[in-house]
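Colleague: Letter by letter, the chains look like this.
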Amino acid sequence: MSTAPGSAPVVELRDVSRSFGDVRAVDHVSLAIRSGEFFALLGPSGCGKTTTLRILAGFERPSGGDVYLAGRRVNDVPPYRRETNLVFQQLALFPHLDLFDNVAFGLRMRRRPGAEVRERVRKALELVDLAGYELRRMHELSGGQQQRVAIARALVNEPAVLLLDEPLGSLDLKLRLAMQRELKAMQRRSGTTFVYVTHDQGEALAMADRVAVMSAGRILQVGSPEHIYTEPATRFVAHFIGDANVIEVVVTGGDEAGRGTFEAGALRFSATGRGDLRAGERRHLSLRPEKIKLASRAGTAPAYEGRVSEVTFLGPLVRYEVIVGDLRLIVQSQTEGEEHFARGDPVMVSWSPSAPVLLED
Amino acid sequence: MAAVLRRQRSPYLLLPAFLLTAGVFGAAMLLLFSYSAYTFRGGQLTEEVSFLAWQKFFGDPFYWGVVGNTLRLAFGVTLAALLVGYPTAYALTKVRGRRLVVACYLVIFSPLLVSLVVRVYGWILILSENGVINQGLRAVGLIQTPLKLIYNDVGVTIALVHILLPFMVFPILSVLLQFDHTLREAAADLGANRLRTFIRVVLPMSLPGVVAGAQITFTLAISAFVTPELLGGGTVQVLSRAIWFNVVDVNWPLAAVEAIVLLALALITLAFFDLVARSLRAIRPTGVPRPRPAEPMGLIELVFRSGLIVVLAFILSPLVFVFVNSFNGSDFNSFPPQGFSLRWYQFVLGYVPFREGMTNSLLIAAATTAVAIPAGMLAALAIARGRIRLRGILNAFFLAPLVIPRVAIGIAVFILLIRLHFFGTTASLVLVHAMLALPFAIALLAASLVNVNRTLEEAAMDLGAGPLRTFWSVTLPQIRAGLIIAAVFAFITSFDETEASIFLVRPSNLTLPVQMFLYLEQYQNPTLAALSTLLVGLTVVLVVGALRFVRGAEIARLVARR
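These protein sequences, in sequence, are chains H and C.
If you're matching positions, the first sequence starts at 1 in my numbering and goes up one per residue.
If you're matching positions, the second sequence starts at 1001 in my numbering and goes up one per residue.
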């Protein structure tokens, strides 16, 4: 383990698995999360992200593998002796305690002196903008306020890692967006490592420093939001993050540098990818809708004839479905500054040679 | 009718239940008050108005002592029931498997299905000088002289705890079952180990259940009659016994005063606990509670499971020993039984008073059910469906017969019936029993109605079924479980009713429990054991037969809701 502060992983999962009977909820997951990072676990329902989080919190014991927190192996350490705190999806605020006692609970469990408790709770409430609400009971608060109490109750203990289980799920859209910004700001201010579970890819991209995309208990890709978006590793990731055209192609040629050429029917593509490329192999490419250009006349780039089958107006963007050869492609254009087309119009479809991304599967 | 409950119709639905309760109960209570102002002079009851009885009661320190005894006993019983009942309820939340859970519920409820007299008799067998405990301890060599466990406060307390345990366990269990397991995880996440989680989170949040349980237990404990009468050996001076004595002596004014004081104590108790409950009202859960997941068997689980078995054994023990003793060859209630004999069964089956009592009780119980269920059904419909103002007061009104001491009801109705020249008729018994069974019926039926899918009723009406038809073919089938359980409860309530009936029967229509009570006051042989076993057997057959028609899931749902 490196000793340089800020670079040693504060959370490490090594080949962790967890099964419930026959079901592999977490399947050989390995992760290293750095101190001070905002790390998101992203995936659809049932992908294992919540189970992974609960393993970190100590509520699930891994069937295999090891869990390390700040360099210490914690497989057998119960939740009340870990330096993690969890913000529950259902919040789990104590109804029989007022706001102050709720937030102070963890500090009191560690028998901190009264003056220290009062001071730290005060600071935590300021952080979440709930100063003055100390005597309120939980049912007297709005959903957004309850959310912030849950966060304050966890943060006041200054844990090494803050775990958040889809904390914004029950909020309406506007409130959710506002809370996303607030949470991001809170994380920066406090410098605490956040591990954030969500199924909302927009949320993960907006808030996280790094994202791990999970499916069926496995981690498919870990990277910064930009990296995952522009260079998805698998078909699943390509589909899950943003819109994507995933095209089945046949390898026509490749060089040692990894640059290859592909074809799908009459269409030709080129892309860079990892690993060897053998001619005749079936592979998949991802092509983002905003990277496809439509024009009424062919320009300098290679273009293919197509026909517009659907038009959807989205405000600043227009979404087209275009039939090109055997493919149905989704294309996204700006409303302002680009040509408009109607249903049934013939179009010339083109893209830059660097646009397609070769997927691993 | 159910789906188209217009505002004007609702109050009429309440009429039968209202008449029953207000008519019988209300009128009786009013009369009781008036009788307290009559005079008992020179062994004669006169209609002269004075407040001699009141003066006698409040002037004589003896009666203050009686009040003190009553409260002391009730306090001890409630405390003991709490100390036993809370861990029992907690252990029950850990029981896995629906069959096992329903079985545990049935065992804990079983004392309520058996006549009071039977239970008291069972305790006599266990606690007397030659009873099970003393014989057992002597055999093992732990004691030389027998422990005095009966005909004193100890025996009465033990027996009362036994009888009132379900009333303590169920409210606590109900609250614990609704406990959100996520709160446990939150406490653990914040640094609390199991014990501290229990003390800081689970216990405080279960207090509403504790208060409800203590409220019912205390109220029923101050009004207990048969138990202190039969097990107290004349030394346990409680208010209910004083009432009994004064009624027998025809000193009705004094009896009325005592009944009113008892009533007042009950109401004060209810009000006090209500205040406490109100201050706990802030404990309202947020969100949907998550039940506790199954846990592997650790040491703590083992301790709880063993404790639960001990408590269940405690609950069943009187019945078990009654059963064993019914085959006793000797004349005495000796333990261990000497010899095996079936003669007590023969005697019971041939003993005319018991046969007559049985016939009377069966008839009255059937009639009670036939009255209480329809009246209760209508009232439940009005309460659950209609838009009635003062729903709270209405609920309290129908619950009143439950919490008011049966002895007080007994004497009040007794006086009323004498005045109306209606005393001693079987019909009057049926009305009183129906009034006592009504609260159960209304509560169970209202709870069932809440679970009914209204959309089905609307569908039926859309297809042409009128209100009555819809009720009959759509609503009723859905509340089958509640209906059957309510009917069983009404039947058993009437069949086993002792403490009010004692005042209301005439030699010609003695009910079986009253026969048993009188027999037990005189004789101490195993006859009653044989009779009790037969009765328990009958009850079991009845309950099992009824449960055939009900699925376990429906019961569990009903119990959890309460």
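In short, the hints are calculated from the structure, not lab data.
A virtual CB, placed ideally from N, CA and C, is assigned to each residue, including glycine.
Don't take every hint at face value.
To be verified - Taking CB as the label site, the calculated pair distances span: (1) Glu248/H x Ala1294/C: 44 to 52 Å; (2) Phe59/H x Asn1451/C: 53 to 61 Å; (3) Phe1062/C x Pro113/H: 56 to 64 Å; (4) Pro113/H x Asp1274/C: 51 to 59 Å; (5) Leu135/H x Leu1019/C: 48 to 56 Å; (6) Phe59/H x Ala1313/C: 29 to 37 Å; (7) Val1095/C x Glu248/H: 50 to 58 Å.
Colleague: Does each hint fit the structure? Answer for all of them.
Modeller: Right, here's what the structure says about each hint:
In this structure the hint that Glu248/H and Ala1294/C lie 44 to 52 Å apart at CB holds, the actual value being about 46 Å. Against the hinted window of 53 to 61 Å, the Cβ-Cβ separation of Phe59/H and Asn1451/C comes to about 33 Å, which falls outside the hint. Hint check: Phe1062/C to Pro113/H, Cβ distance near 57 Å, so the stated range 56 to 64 Å holds. For the pair Pro113/H and Asp1274/C, the supplied restraint of 51 to 59 Å is violated, since their beta-carbon distance comes to about 39 Å.
As the Cβ distance of Leu135/H to Leu1019/C is approximately 49 Å, the hint placing it in 48 to 56 Å holds. Between Phe59/H and Ala1313/C the beta carbons are some 36 Å apart, a value that agrees with the proposed interval 29 to 37 Å. Evaluation of the 50 to 58 Å hint for Val1095/C and Glu248/H yields a pass: the beta carbon distance comes to about 56 Å.
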